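Residue-level listing of the chains:
Number of protein chains: 2
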Amino acid sequence: MKPDPLGDWRRTHFSTEIVPELSGEEAVLMGWVTDIRDLGGIKFFILQDIRGSIQVTAPKSKVDSEILDKIDSISKESAVGVKGKARAEEQAPRGVEIIPSEIRVLNPAKIPLPLDPTGHQKADLDTRLNSRLLDLRRPKSQAIFKIKHAACQAIREYLISNGFIEIHTPKIVRSATETGATLFPISYFEREAFLSQSPQLYKEVLTGCLDKVFEFGPIFRAEEHDTRYHLNEVLSTDIEVAFVTKEDVMGVLEDVLVEVFKKVKQKCSEELKVLEKEIEVPEKPIPRITYDEALDKLEEAGKRVRWGEDFSIPEQRELGNIIDGAYFVSDWPADLKPFYIMAHKENPKLSHAFDLLYDEIELASGGTRVHQKEVLIKQLKNKGLSPKQFKYHLKNFEWGLPPHSGWGLGIERLTMALTGARNIRECVLFPRDQKRLTP
Amino acid sequence: MKPDPLGDWRRTHFSTEIVPELSGEEAVLMGWVTDIRDLGGIKFFILQDIRGSIQVTAPKSKVDSEILDKIDSISKESAVGVKGKARAEEQAPRGVEIIPSEIRVLNPAKIPLPLDPTGHQKADLDTRLNSRLLDLRRPKSQAIFKIKHAACQAIREYLISNGFIEIHTPKIVRSATETGATLFPISYFEREAFLSQSPQLYKEVLTGCLDKVFEFGPIFRAEEHDTRYHLNEVLSTDIEVAFVTKEDVMGVLEDVLVEVFKKVKQKCSEELKVLEKEIEVPEKPIPRITYDEALDKLEEAGKRVRWGEDFSIPEQRELGNIIDGAYFVSDWPADLKPFYIMAHKENPKLSHAFDLLYDEIELASGGTRVHQKEVLIKQLKNKGLSPKQFKYHLKNFEWGLPPHSGWGLGIERLTMALTGARNIRECVLFPRDQKRLTP
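Chains as they are written, first to last, in this note's numbering: chain A, 15 to 453; chain B, 15 to 453.
Hint data in this document are derived by calculation from the structure and do not stem from the laboratory.
Where hints are given, some of them may not hold.
[Said to hold, decoys possible] Some residues of chain B that are not near chain A, with every Cβ distance over 12 Å (derived):
no. : residue
1   : 42
2   : 273
3   : 280
4   : 306
5   : 321
6   : 349
7   : 387
[As the list claims (entries may be wrong)] Just the calculated beta-carbon pair ranges, DEER-fashion:
no. : chain 1 : residue 1 : chain 2 : residue 2 : range
8   : B       : 331       : A       : 108       : 39 to 45 Å
9   : B       : 175       : A       : 310       : 48 to 54 Å
10  : A       : 22        : B       : 175       : 24 to 30 Å
11  : B       : 154       : A       : 244       : 38 to 44 Å
[What the hints assert, rightly or not] Among chain A residues calculated to face chain B with C-beta under 8 Å, some are:
no. : residue
12  : 24
13  : 87
14  : 91
15  : 121
16  : 124
17  : 205
18  : 244
19  : 247
20  : 319
21  : 322
22  : 385
23  : 388
24  : 451
25  : 452
It should be emphasised that the depicted structure is a prediction, and the values quoted were computed from it without experimental measurement.
Even for Gly, the Cβ is constructed at its ideal location relative to N, Cα and C.
I would like the entire structure built from these sequences, with the hints used as guidance.
Shown next as structure tokens:
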């Protein structure tokens, strides 16, 4: 079927703006056809758009036969425009329907579809991701990305109103910030370069001039993990602040977390309902325990972790159960943390690093950074890294780089906590893992 | 010199918050030392922070000799904390100074410095970029990034309040959207992948579910250009809207541009003053001419461009002079535009593409997109591209992808227009070009 042209039609109303009070008014609606029924004397379809849906009702007695033929020709999930009049009708969903005077099929869908976007027929995640466009018409998928959108805005608004300056640091870089094993190599003209694992080094330098900075940007890790918490490209919010220690930026993170939960609860009540998810705004202060205290708590619960080892997901889940909700774990063994984290003065085996966890997920990590060049060189060497490779970075430490601290927050993991999504892939429009490079 | 610890000191005031009315109050300030003078009986230095600067005055008669010794030991651009009392003093800049009771040198700078951040001594762009941290302490450099920050916020606020949903599309991709010659290859595990040239294909698909979307993100072009308008990694704002044509998204772009100029003029008057830049908010409607009309105008001005050729920078400058300020050029020869732009029905040599120019710079480009699979396959082939390579993308066109239109706006070029910066490298914190991969 040849599609109808859009012509001069433009949407006058979203579906949910059609309310019984508008009865008699003309409207042009644009969206997708999700359900078509023919009851003999009357034909119906449901038009879905980004806000919701509306019933389009064509009684044989009231509309032209052209319209009835058109409805017969429409396949589910086709993009259509509908011009017509609103009519209050108790039996229609939300008590209102549209009686069409003209329908334009703007792009017909080819049937059969690989996926049922109404969600009535369950599909596994692979099928959903392979037909992501259709999957993203499912109200549950849309709810996740509307909540992610609201979370990003809430974080940004908080940071901006607290004097942070937005930065954009290069994603094409020369050196690793975390471990060299997880770098993606790039051919940069004739030179060797990599995809950035985090804005760490750049944001640290920028505290020496812009004072308080934040970035929203992609980070890349060539990890071969196949877990429901890992992907090779994710969105990270990073902050870095001059003249403060980890305790101060833990305070900022606490505020950000509370703000996000509060705003999402306020603005996304419909989306949370669609997801059947209730969220509780964390109360301040968010519990803060040290790594050593966490070990004690786990031991009390019958889970023994040897000092110096990282926690597994089940151990984090146990901690989440004991503490309930969000909590900080600080003062980690230095061996578990990157070279740029400051060590304790009295016990260099301990570091001024912290993680923010929510139930079983690590949402963020940060710490007080080293700001003295000699100390940083020593720590680079301790980690088996070559100070030569960090020549450009190290120069900055001779130019009055202040004491500074910061963190990175994983936006998709935060979205999992907010939406109840069980797999990080549900929180990324087009996820990247070892298997998945398209669509 | 061993640095002093930050300890429990925290900034109580920014420099510019110290006003004569605070005389007698105690304050802790944090920042960088930009100027040190010793007049015998009295020593001074200027403490700079992100908001401005304040004079710290140490009269021998009033401060401990320890403090005087400390001041003698400070090198310019060291990071310091100063505790002291504000004192109204007519002879001091802004009529107020700080009499220090304690000074902490948090990170001493190593002299000589490669650059004078006060800007008194001129430095070329290469020197500045090689010591970017020091360069970014120059008030002019800071002004550029504060204006860029304000511009990003203005755009985002406008789009969000107009119903756009924020998206984040992959930067690791399988195929070109512009020309294959400008792709950076990545080793993605055992597979071939590239850095994304634009979110084009993804954002188009997302109009089929999220309706109106926007993204702020890096785009990567392996261009070997060495001009003052090109870099290999820049920040782009992209929008894409369902059920509309280019005229509609030109309206959005017009609103965005006016909003940005208005907000920057309002919020960044200090920064514009530092840059000695006056900006005029463009008036609506922003002039719209077609490619053919632009050719006529250039010919009238004595510059002949052959039909089908792109404009050079001098030709764009000429048009900017004739039209004055911002202007749209639309309906370009199809051969000059990418495969996804819709051609004119009556004359397929013309396309529904537009550029937004400001004086001599192209700020944005966009257009009405093809939404029919068969047409897109034809246009791919016309450009010498293989539809097979776009298999995953083409599938989406069978699933009711609506008519749609959008644009991409170069944030650094916009920043050039707002700040008067003459080289795009001045508008990127750590620019990437063929020569420059670090810092």
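How the hints compare with the structure:
At the 12 Å boundary, the C-beta of residue 42 of chain B falls inside the reach of chain A, the nearest C-beta of that chain being 10 Å off. Every CB of chain A is more than 12 Å from the CB of residue 273 of chain B (nearest about 16 Å), matching its label as outside the interface. With 12 Å as the threshold on Cβ separation, the claim that residue 280 of chain B sits away from chain A holds: the shortest Cβ distance comes to roughly 15 Å. Once the 12 Å rule is applied to beta carbons, residue 306 of chain B is consistent with being away from chain A; the minimum gap is 23 Å.
The Cβ of residue 321 of chain B lies farther than 12 Å from every Cβ of chain A, with a closest approach of about 28 Å, so its non-interface assignment holds. The beta carbon of residue 349 of chain B is kept farther than 12 Å from every beta carbon of chain A, the shortest such distance being approximately 24 Å. For residue 387 of chain B, the shortest C-beta to C-beta distance to chain A comes to about 9 Å, within the 12 Å cut-off, and the non-interface label is violated. One distance hint, 39 to 45 Å for the beta-carbon pair residue 331 of chain B and residue 108 of chain A, is violated here, with the actual separation near 56 Å.
Judged by the Cβ atoms, the range 48 to 54 Å given for residue 175 of chain B and residue 310 of chain A holds: they are separated by roughly 50 Å. In this structure, residue 22 of chain A and residue 175 of chain B meet the distance hint of 24 to 30 Å, their C-beta atoms being roughly 26 Å apart. Range check, residue 154 of chain B to residue 244 of chain A: Cβ separation about 43 Å, and the 38 to 44 Å hint holds. Interface restraint check: residue 24 of chain A against chain B, minimum CB-CB distance 7 Å, threshold 8 Å, status holds.
For residue 87 of chain A, the interface hint is violated, since its Cβ never comes within 8 Å of a Cβ in chain B; the closest pair sits about 14 Å apart. Because the beta carbon of residue 91 of chain A sits about 5 Å from the nearest beta carbon in chain B, less than 8 Å, this interface hint is met. Taken as an interface hint, residue 121 of chain A checks out: its beta carbon lies about 5 Å from the nearest beta carbon of chain B, inside 8 Å. Hint on residue 124 of chain A holds. Least Cβ distance to chain B is approximately 4 Å, under the 8 Å limit.
The interface hint given for residue 205 of chain A is met, as the beta carbon of that residue sits about 6 Å from the closest beta carbon of chain B, less than 8 Å. For residue 244 of chain A, the shortest C-beta to C-beta distance to chain B is roughly 14 Å, which exceeds 8 Å, and the interface hint is violated. The criterion of a C-beta within 8 Å of any C-beta in chain B is met by residue 247 of chain A, whose closest approach is roughly 6 Å, and the hint holds. Annotation: interface hint on residue 319 of chain A violated; nearest CB of chain B at approximately 32 Å, more than 8 Å.
Given the 8 Å rule on beta carbons, the hint for residue 322 of chain A is violated: about 27 Å separates it from the nearest Cβ of chain B. Because the closest C-beta pair between residue 385 of chain A and chain B is about 6 Å apart, less than 8 Å, the hint holds. Look at residue 388 of chain A: its Cβ only gets to about 10 Å from chain B, farther than 8 Å, so that hint breaks. The beta carbon of residue 451 of chain A is positioned within 8 Å of a beta carbon in chain B (closest approach about 6 Å), and the interface hint is therefore held.
Restraint check, residue 452 of chain A versus chain B: the minimum CB separation of about 4 Å is within 8 Å; hint holds.
Consistency note: the structure conflicts with the earlier hints numbered 1, 7, 8, 13, 18, 20, 21 and 23.
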